[in-house]
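Visitor: Following the hints, position chain B against chain A.
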Amino acid sequence: MQTLKASWYGFEKHWTWYRRNWRATVVSSFLTPVLFLLALGFGFGSQVRSTELLGGMSYLQYLAPALVVITALQGATFESTYAIMSAFMWQKTYIGMVATPITPAQVLYGQVMWIGSQLLARSAVFVVIAAVLGAAAGPGILWAIPFGALAGLAFSAPLIAYSARLEKPDSFTTIFRFVLMPMTLFTGAFFPVSQLPEWLLPVVWLTPAWHGIELARGAAAGTLGALPALGHVAYLVALSAAGLALGVKYFRRRLAV
Amino acid sequence: MTQTLDRERAVPASVGLLWRVIPPGLYGGKASVLVERAAVVNRRAWFVLVGGAFEPMLFLWSLGLGFGQMVSAVTGPDGQPISYAAFVAPALLAASAMNGAVYDATFNVFFKFKYLKLYDAMLATPMGPMDIAIGEIAWALLRGGLYSAGFLAVMLGMGLIVSPWALLALPVALLVAFAFAAVGMAATTFMRSWQDFDLVQLAVLPLFLFSTTFYPLSVYPGWLQAVVSWTPLYHAIELMRGLTLGVVGWGMLGHVAYFAVMAAVGTVVASRRLGKLLLG
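First to last, the sequence lines map onto chains A and B. Residue numbering for the first sequence follows full-length UniProt numbering, starting at 1 and increasing by one per position. Residue numbering for the second sequence follows full-length UniProt numbering, starting at 1 and increasing by one per position.
Where hints are given, some of them may not hold.
Stated by the list, open to error - Each computed DSS-like pair below joins lysine-lysine, with the alpha-carbon atoms no more than 30 Å apart:
1. K276(B) <-> K112(B)
2. K13(A) <-> K249(A)
3. K92(A) <-> K168(A)
4. K276(B) <-> K117(B)
5. K13(A) <-> K114(B)
6. K249(A) <-> K92(A)
7. K13(A) <-> K92(A)
8. K249(A) <-> K168(A)
9. K112(B) <-> K5(A)
10. K276(B) <-> K168(A)
11. K92(A) <-> K117(B)
12. K117(B) <-> K168(A)
13. K168(A) <-> K114(B)
14. K5(A) <-> K249(A)
15. K276(B) <-> K114(B)
16. K5(A) <-> K92(A)
17. K276(B) <-> K92(A)
18. K168(A) <-> K13(A)
Stated by the list, open to error - Pair ranges (Cβ atoms, derived):
19. A234(A) <-> V41(B): 45 to 53 Å
20. N21(A) <-> Q69(B): 41 to 49 Å
21. D120(B) <-> P169(A): 22 to 30 Å
22. F111(B) <-> L201(A): 35 to 43 Å
23. P197(A) <-> Q80(B): 24 to 32 Å
24. R253(A) <-> A260(B): 39 to 47 Å
Just so you know, these hints were derived from the structure itself, not from any lab. In this text, a Cβ means the ideal position worked out from N, Cα and C, and glycines have one as well.
One chain only, chain A, in its complex shape (with noise of 0.2 Å):
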């Protein structure tokens, strides 16, 4: 009860700052994947003469649920980089959080909290300009907001125990371009990941993006067994798990007072 309340307050803090500037982020959260829904989606989308590959679907409504999924992976990449080194080094939210009777890993879960929030707002725009733009194959694209923001939240635990650790932030641009940049690429949200290397099929199985866009485009197409769902929803929750496990050491080590 103590720890909820206070992991509150560490989201309270966010919120209190996003009322006054949610503007600023209007553009690469929102904008951003309507852009490439309509540049990919329609554009590309028209010249994608047969579906076989994509089981039928119009590369529109194959593309927007996992189009959802890599937007929260990208905010989450976002949220748990700069923003945490800030808090620690140049903001130093996080030292006058734990002077006061909050503890190191109530910080933390304020943190998640506050981004696995915004992942779900995200994506629910998101889902709903898509549904508005006649991509939604069916109801099921409802799911995709849930599943996004666990795929978001997979990726973003472990980075944000990553980023604890840090003490220059010369390494983020690496994360973006070589992590990222080929797991926006190259785990199926833009093609059948069938059409990859056979020995790159591994390391995309890896990926809490492949994971979460099977979920958000199987259940937007009504394909989803029970079976798999239950898979790939344990195997992001345990990613999650991991990070926040590790994000509470650091964190403690860190905040140590």
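Guide: Below, chain B without anything else, positioned relative to chain A:
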């Protein structure tokens, strides 16, 4: 590279009568010093620098490999069907020239200008605002040229270059980057805070996505085709596609002129504004 101040070279070089008369104090013939500084600063960050070449190549691989399987063939610049990879690769080359130049000329310049106060320091030396504008743009071009050359080499390896005209793709990429860097820098001088950079994103991303990078112009309805054909990246993509596929005509000079004008206007506005902000 010497670390101490070289007194001999600190004396203003002879810069020619024209530069000394107009525009006064704007140019001191020292732009190369800024490039030298950038090289020194980036000595330890070479991995980040070289890594920039990685992004368009990933895109190319992803598009050629995955997207290409879903699209059998697209219509090339001369009306003949070409593979999707051959269609998209030159466009990515143009887009990466734009992206690199714009980010270098906006985020980097803004940071140095506003927070590092680097340019204030530079103006305390014989350098003028135009040295700064030219120096920054030159550094961006060196970087961009490196990426473009690497990308062209990959295209050659993948068999996506079918014409010797592609040799011109590198200088054209530099011209495109120059034009975008100049305009980006001019825009930066009008920015007040990081929030304004959303506007940069708002300009660059639609250009990247909608300038026939991923699909032909014929997808759009007529009026939209007219709009798109006026945007800068469209002209860069047309140039690149023509050169790598060997479909070359006099009309291309029109595209080149577009960027020459853009570069000239951008450089003049950027150095005027920098002069006003820093000296005024």
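Visitor: All hints, please: hold or fail.
Guide: Here is what the structure says about each hint:
{"no.": "1", "hint": "K276(B) <-> K112(B)", "in the structure": "holds (17 Å)"}
{"no.": "2", "hint": "K13(A) <-> K249(A)", "in the structure": "holds (23 Å)"}
{"no.": "3", "hint": "K92(A) <-> K168(A)", "in the structure": "holds (15 Å)"}
{"no.": "4", "hint": "K276(B) <-> K117(B)", "in the structure": "holds (15 Å)"}
{"no.": "5", "hint": "K13(A) <-> K114(B)", "in the structure": "holds (28 Å)"}
{"no.": "6", "hint": "K249(A) <-> K92(A)", "in the structure": "holds (19 Å)"}
{"no.": "7", "hint": "K13(A) <-> K92(A)", "in the structure": "holds (13 Å)"}
{"no.": "8", "hint": "K249(A) <-> K168(A)", "in the structure": "holds (19 Å)"}
{"no.": "9", "hint": "K112(B) <-> K5(A)", "in the structure": "violated (42 Å)"}
{"no.": "10", "hint": "K276(B) <-> K168(A)", "in the structure": "violated (35 Å)"}
{"no.": "11", "hint": "K92(A) <-> K117(B)", "in the structure": "holds (24 Å)"}
{"no.": "12", "hint": "K117(B) <-> K168(A)", "in the structure": "holds (21 Å)"}
{"no.": "13", "hint": "K168(A) <-> K114(B)", "in the structure": "holds (21 Å)"}
{"no.": "14", "hint": "K5(A) <-> K249(A)", "in the structure": "holds (21 Å)"}
{"no.": "15", "hint": "K276(B) <-> K114(B)", "in the structure": "holds (14 Å)"}
{"no.": "16", "hint": "K5(A) <-> K92(A)", "in the structure": "holds (21 Å)"}
{"no.": "17", "hint": "K276(B) <-> K92(A)", "in the structure": "violated (36 Å)"}
{"no.": "18", "hint": "K168(A) <-> K13(A)", "in the structure": "holds (25 Å)"}
{"no.": "19", "hint": "A234(A) <-> V41(B): 45 to 53 Å", "in the structure": "holds (47 Å)"}
{"no.": "20", "hint": "N21(A) <-> Q69(B): 41 to 49 Å", "in the structure": "holds (43 Å)"}
{"no.": "21", "hint": "D120(B) <-> P169(A): 22 to 30 Å", "in the structure": "holds (25 Å)"}
{"no.": "22", "hint": "F111(B) <-> L201(A): 35 to 43 Å", "in the structure": "holds (41 Å)"}
{"no.": "23", "hint": "P197(A) <-> Q80(B): 24 to 32 Å", "in the structure": "holds (30 Å)"}
{"no.": "24", "hint": "R253(A) <-> A260(B): 39 to 47 Å", "in the structure": "violated (57 Å)"}
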